[in-house]
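Chains as they are written, first to last, in this note's numbering: chain A, 1 to 302; chain B, 1 to 425; chain C, 1 to 313.
It is worth saying that the hints were derived from the structure and are not from the lab.
In this text, a Cβ means the ideal position worked out from N, Cα and C, and glycines have one as well.
A few of these clues could be false.
What the hints assert, rightly or not - Cut-off 25 Å, straight-line C-alpha distance, at most; resulting in silico cross-link-like pairs (PhoX-like, lysine-lysine): (1) K82/C <-> K410/B; (2) K424/B <-> K306/C; (3) K205/C <-> K258/B; (4) K196/A <-> K306/C; (5) K93/A <-> K410/B.
Stated by the list, open to error - Rough simulated footprint, nothing fancy, chain C against chain A, three-plus residues with beta-carbon under 8 Å: (6) 134-148; (7) 282-293.
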Amino acid sequence: MVEATLRSAIEVDPAASLAARRHWLGRFGVYSFLSIFAIIYILPLFVIVANSFRPLPEIVQNGLIGFPHSLSFSAWSRAWSSYCVGGTCQGVKPNFLNSLELTVPATIISTLLGAMNGYILSKWRFRGSDFLFASIMLGVFLPGQIALMPWAFILGHIGLSNTIAGLILIHCVQGTSFTTLFCRNYYVNIPDDLIKAARIDGAGFWRIFWKIILPLSPPILIVTVIWQFTGIWNDYLLGVVFTSGRNQPITAALIGLATGNTNAKIYDVMSAGVLIGAIPPLLIYFFGGKYFVRGLTQGAIK
Amino acid sequence: MAMRSFIATLTGAVSLGLLANMAWAEPKTNMLHQWNSGSDAAAIAKLGEMFTAAGGKWEQTSIAGHTANTLAKLRSDVIAGNAPPAVQLKGPEIAEWNATGMTADLDPIAHEEGWEKVVAPELLPVMKPTGTWVAAPMNIHRINWIWGSTKAMEKAGIKELPKTWAEFNADCDKAVAAHVICEAHFSQDWTDATVFEVVVYGQNIDLFRKAFVEGDTQAMRSPEMVKAFDQFRLMVSKYMDPGIAGRDYDTTTSMIAKGDAAFFIMGDWQIGIFTAAGLKQGADYVCQQAPTDWAKPGFILNSDSVVFFKQKDPDYVAGQKLLAHLILSKDFQTIFNQAKGSIPARLDIDLSGSGWNPCQQTSLKDLQASIKDGTLVRSMAHNMTVLQKYRGAMMEVITQFVNTPSMSSKDAANAMADAVEAQKS
Amino acid sequence: MTQAIVPAAVIEAPAGPTWRERLNRALPIIVLAPSLIASLVYVFGFAIWTFYISLSNSSLLPSYDFVGFHHYAALWSNTRWKIAYTNLFLFSGLYVVLGILVGLGLAIAIDQRVRAEALWRTIFLYPLAVSFAVTGSVWKWLYSPDAGIEFFVRSLGWTDFTFRLTTDRNTAIYAVIATGIWQSSGFAMALFLAGLRSVDPDLVKAAQIDGAGRFRTYRKVILPTIAPIFIAVAVIMLQFAIKTFDLVVALTDGGPGISTQFPANYVYDLMFQRGQIAEGAAGAIMMLAALAVVLVPYSLYLVWRKRQESGHG
Numbered sequence: 001m002v003e004a005t006l007r008s009a010i011e012v013d014p015a016a017s018l019a020a021r022r023h024w025l026g027r028f029g030v031y032s033f034l035s036i037f038a039i040i041y042i043l044p045l046f047v048i049v050a051n052s053f054r055p056l057p058e059i060v061q062n063g064l065i066g067f068p069h070s071l072s073f074s075a076w077s078r079a080w081s082s083y084c085v086g087g088t089c090q091g092v093k094p095n096f097l098n099s100l101e102l103t104v105p106a107t108i109i110s111t112l113l114g115a116m117n118g119y120i121l122s123k124w125r126f127r128g129s130d131f132l133f134a135s136i137m138l139g140v141f142l143p144g145q146i147a148l149m150p151w152a153f154i155l156g157h158i159g160l161s162n163t164i165a166g167l168i169l170i171h172c173v174q175g176t177s178f179t180t181l182f183c184r185n186y187y188v189n190i191p192d193d194l195i196k197a198a199r200i201d202g203a204g205f206w207r208i209f210w211k212i213i214l215p216l217s218p219p220i221l222i223v224t225v226i227w228q229f230t231g232i233w234n235d236y237l238l239g240v241v242f243t244s245g246r247n248q249p250i251t252a253a254l255i256g257l258a259t260g261n262t263n264a265k266i267y268d269v270m271s272a273g274v275l276i277g278a279i280p281p282l283l284i285y286f287f288g289g290k291y292f293v294r295g296l297t298q299g300a301i302k
Numbered sequence: 001m002a003m004r005s006f007i008a009t010l011t012g013a014v015s016l017g018l019l020a021n022m023a024w025a026e027p028k029t030n031m032l033h034q035w036n037s038g039s040d041a042a043a044i045a046k047l048g049e050m051f052t053a054a055g056g057k058w059e060q061t062s063i064a065g066h067t068a069n070t071l072a073k074l075r076s077d078v079i080a081g082n083a084p085p086a087v088q089l090k091g092p093e094i095a096e097w098n099a100t101g102m103t104a105d106l107d108p109i110a111h112e113e114g115w116e117k118v119v120a121p122e123l124l125p126v127m128k129p130t131g132t133w134v135a136a137p138m139n140i141h142r143i144n145w146i147w148g149s150t151k152a153m154e155k156a157g158i159k160e161l162p163k164t165w166a167e168f169n170a171d172c173d174k175a176v177a178a179h180v181i182c183e184a185h186f187s188q189d190w191t192d193a194t195v196f197e198v199v200v201y202g203q204n205i206d207l208f209r210k211a212f213v214e215g216d217t218q219a220m221r222s223p224e225m226v227k228a229f230d231q232f233r234l235m236v237s238k239y240m241d242p243g244i245a246g247r248d249y250d251t252t253t254s255m256i257a258k259g260d261a262a263f264f265i266m267g268d269w270q271i272g273i274f275t276a277a278g279l280k281q282g283a284d285y286v287c288q289q290a291p292t293d294w295a296k297p298g299f300i301l302n303s304d305s306v307v308f309f310k311q312k313d314p315d316y317v318a319g320q321k322l323l324a325h326l327i328l329s330k331d332f333q334t335i336f337n338q339a340k341g342s343i344p345a346r347l348d349i350d351l352s353g354s355g356w357n358p359c360q361q362t363s364l365k366d367l368q369a370s371i372k373d374g375t376l377v378r379s380m381a382h383n384m385t386v387l388q389k390y391r392g393a394m395m396e397v398i399t400q401f402v403n404t405p406s407m408s409s410k411d412a413a414n415a416m417a418d419a420v421e422a423q424k425s
Numbered sequence: 001m002t003q004a005i006v007p008a009a010v011i012e013a014p015a016g017p018t019w020r021e022r023l024n025r026a027l028p029i030i031v032l033a034p035s036l037i038a039s040l041v042y043v044f045g046f047a048i049w050t051f052y053i054s055l056s057n058s059s060l061l062p063s064y065d066f067v068g069f070h071h072y073a074a075l076w077s078n079t080r081w082k083i084a085y086t087n088l089f090l091f092s093g094l095y096v097v098l099g100i101l102v103g104l105g106l107a108i109a110i111d112q113r114v115r116a117e118a119l120w121r122t123i124f125l126y127p128l129a130v131s132f133a134v135t136g137s138v139w140k141w142l143y144s145p146d147a148g149i150e151f152f153v154r155s156l157g158w159t160d161f162t163f164r165l166t167t168d169r170n171t172a173i174y175a176v177i178a179t180g181i182w183q184s185s186g187f188a189m190a191l192f193l194a195g196l197r198s199v200d201p202d203l204v205k206a207a208q209i210d211g212a213g214r215f216r217t218y219r220k221v222i223l224p225t226i227a228p229i230f231i232a233v234a235v236i237m238l239q240f241a242i243k244t245f246d247l248v249v250a251l252t253d254g255g256p257g258i259s260t261q262f263p264a265n266y267v268y269d270l271m272f273q274r275g276q277i278a279e280g281a282a283g284a285i286m287m288l289a290a291l292a293v294v295l296v297p298y299s300l301y302l303v304w305r306k307r308q309e310s311g312h313g
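Extracted from the complex, chain A is given alone in its bound form:
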C-alpha cells in the first residue's frame, strides 16, 4: 500500500514524491536503528527468561540461546524456596524478604532526608550553604571499597554492627548525597517568589515544605526513589559485610548461585533466581520509567 501511494505520488508531483520518499526512508532508518539496539539490549533478558523455563539438559545440549522447546516451571519454585544456597536450602526467598526489609525503609528515609536537605539548601540558604552542598555532593563519587573499614568501626561503636538498622544507616548516609543533589537541583527551579508570598502570609519553615514544596515534588521524588531503590536493592558488598547469618540480602544469594564455580552450572535455577531478584527494581522501572524522564526533564539535571 505504501508503495502504491508512493507511485501515485511520483506520477503527480516529483518534488512531493521526493519528500515522501525521504520521509519514508527516514522513518525506516529510525525504526531499524532502534530495533538493532533493542535486540542487543533485550538479548540478556531474553536469555534469562527463556532459560528459566527450559529444562537444564536442553540448555546444556543446545546452548544458552534458544527458545524453550518445553515449558518447565520447576526452576522457579526451586530457586524461590528449595535450592541450597548460602548454607541453607530455602532458596532465595529469605534473602528476598531481607532485601525488602532493608530497601524499603532505607529508600524512604534517604528520599525524605534528601527532600528536606534540598529544600533547605535551595530555599533557606545561609552563608556557606553552597559549599556544604558541594561537600555533600562529593559523597556521590566516593568508591565503596574505602568506606568498609570506617563503617565497621562506626557501627561497632554505636552498637549496630551486623544489624539491618546499621545497614539502613549506611545506605541513608551514602544515599543522601544522591537524593540531596537531585532534590536541591529540582527545588532551585521553584520560583522564590512563591516562597516569599507564602512567608508574607505567615507560613513557616515546615508549612512551606508541606504545603508548597512537597506537592510540587512527585516527579523528583520518583527519580530519587527509583535511584535509591535500585541502588540499595542491587548492593552486594555492604549487604554481605554488614550482615550476619541469615540476614544476607538477595544479591548474596544470586552471587552464590552464579559463582558456585566448581559445580555444574545450574543455568535454569540461576536464571529464575536472577529474575526473581530483578522483579522489584524492574517493576519500579516499568511503572516509574515515564516519570523518571519527566522528573529529569523538570530539572534534576543541572
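Go by the hints and put chains B and C onto chain A.
Here is chains B and C on its own, set in the frame of chain A:
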C-alpha cells in the same frame, strides 16, 4: 548411620566433660566460611547437624564469591569489635591472625584429646604457629594429581597416565596428533598457579622449597625456574587449547567427561566434582600422582581449617570447644572428606571402607610415603606457605605468563622475583 | 539566581528577636545538621582516614604508625597496578564517549515521534535496574565460546564464526567497555531525552523556517542548547567508570591473565585478600586523585557558568 554417629558424638561430649560446661552455658556458634553452595555447602551442613545434635545452637555466615569477601567480612567484624567465634582460615593467615593476640587458645582441648598424636605432622606448624594450637584442621587436600579421561586417552592411544614430564610430553604429542586436546585447563590466577607449582615440584623439589616455601628470590631467578617456565610454555602453547581464558570450571570438567581432553592437573576436590557429575573412577576417569622426574611418591599438601577468636559470651566459648571437638572427631572427618574428595587431617582413620574412593586411598598411602621420604611440601598456589602478598605477586606473574604468548621464560622468572622483592622492601 | 532569603525576622522585627524567633531562624540549620554532619564525616572523615592509613604501616588491620609515602612507591612499581590504572583511563574515555554517542543516538531516534515510545524507553533503561553483578554473569555466558553467541551462530550452520572478545587479553577490555555501555547508556538516553524535550519548540521552528534541514537543526540549534546535559552525563558516567568493580568481577574477573584489572578491584584485593591495607589505601587515594582530574575542571566550569549567568542577569 547418622543417628549412631550422633549418639557417639554425644557420648564423646559427655565423656569429655562438655556437659559440665553446658550446665551453665548453652554452646552456640556462628561460623564464618565460604563453602556457599553445592557439595561444599552440603558438607558443612553436616557439621551443623552434628553441632545441633550435640545440643548446640548452630548458626553460620557463608559468603559467596571471592575469598576476599569472606576476609572483608572478617576484618569488618574484628574492627567493629565483635570477632566471629569461628572462621575458616588457612595457611599463613592463621599465624598472622594469631600474632594479633585475638585468637583463642585451643591447647586445653587439643591436649585432652591428644590431637598432637593423630594429626598429620606437616600440619602442626600451620595449626600451632607459636607452639599453641589455634586452628582445627578439617582435611588434607592433595594438589599434585593428574586426572585422565579414559575416552580421550583411548582415542589418542595413550595406555596409562604419564609418570614423568618426558612421558607427559610424549603422550601429549600423541594426543595432538590424534586431534585430542591434551591438557584440559581454564585460566585463572589460582589454576595457572596450581599447574605451574605441580610442574616445578615435579621437576625439582629443592627449587619448590626455596622459591615457593621460603620465598627465595634467587631461586626464582635461577635457570631451574626458567626451565620450569619452558615446560609450562610448551603445555600452554601446544597441549592446551586456545579457549582456556574465560572458561568455567564446570566446562573444563565436562571436557574430561566427554573425552575432548586427555589430562587435567587439579587437586583432589576434583573427585567430589566428578562424583557429583555422575562419573565413575576407573570407567570414566583415572587418577595418578602428577608427573615427577624423581621417581618417588610426592605430595603437595593443602588443608582447610577453622580458627577461633576469643569471645566474652560464655555460650560462644562453650560453642567453640564443642565445635573444635566435633571438627577433629572421626565421624566428621569421615563424612566431610568423603564428600569433598580430600582425606582426613587425622591419620588414624581407616580409609579402606566403601565410602572412600580408590584415589583417596592412594592419597593416604602417598602421604605417609612422602613423609618418610621427605618429599612432602605445602602448596603455594593454595595459600599454605608464604604470605598472601608474596603469593599474590607470584600468581600475577604466572597468570600473566599464561596469557601473554610473547613473554619469555626468563622474563617471567625475573618478573616473579622482582614482584616478590617489591613486596619485601 | 536570587540571593538567599534571609530568615523571617526581616519582615516583622521591631524589638529584638525572642527565643522563638531565634529558634525559627536556626530551624533550617538544626534540621539540616544531623544528615549534614553524617555526610561530612562520610566524605571528609573517611577520605582523610584513608589517606592517613595510606601513610601508615597497616597490614592485617589498620594501625597508625606513620611510615610516609613508601606504599605509593610500592604501588607504582607494580605491573598489575599500572595495567589497572591504564585500563581505567582507556575504559573511562571510550565508555563515556561511546556511551554519550549511543545514548544521544537513541534519544534523538525516540524523539522522532516514534510509536510505542514507552516500550522503546523501557527496553533501553532496564539494564540499569538490574545488578551489575548479575548482568555481568549473564553477559559472561553470552561471550563464552562454549555456550554463548559463538555457539549459537555456529549451530545455525555458520561454522567458521568466531566471537571471542573475553578470551583474548587484547580484546577483553573492549568486552568490558561494551557491557558497561549496554548497562548505562539508557541513563544517558533518559537524560538526553529529557533535554531534548525541554528545548523551546519555537527555536526549532524558527530554524526550520530559515530553511535548516533536520540534521542542521540538531547540530546548530538543539544540541548547543542542551550542552549542560553533555557535561552532566559525562560526569555521572565518569563516576560510574571510576567505581567499576562488580562488572569486572562478574565478567572477566580481571582476566585473561591480568589484562582487565581495574583500580577498584586491586584496591579491594590488597585491602582484604592480601592484608596490605596501607597499600590498598594508597590505591584508593590514587582513585580519588583520578576523580579530582575530572571534578576540578567540572567545578571550575560550574563556577564559570555561574559567573556568566550572574553577569547576564
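Taking the hints in turn, this is what the structure says about them:
For the hint linking K82/C to K410/B, the alpha-carbon distance of about 21 Å falls within 25 Å, and the restraint holds. The straight-line distance between the Cα atoms of K424/B and K306/C is roughly 52 Å, outside the 25 Å bound, and the hint therefore fails. Distance check on the hinted pair: K205/C and K258/B sit about 67 Å apart at the alpha-carbon level, beyond 25 Å; violated. Using a Cα cut-off of 25 Å, the hinted pair K196/A and K306/C holds, with the two alpha carbons roughly 23 Å apart.
Of the pairs offered as hints, the one joining K93/A and K410/B is violated, with about 54 Å between alpha carbons and a cut-off of 25 Å exceeded. Residues of the segment 134-148 of chain A lying with their CB closer than 8 Å to a CB of chain C number 14, which satisfies the three-residue condition for coverage. Figure legend: the segment 282-293 of chain A, annotated as covered by chain C; annotation consistent (8 residues with Cβ-Cβ distances under 8 Å, at least 3 required).
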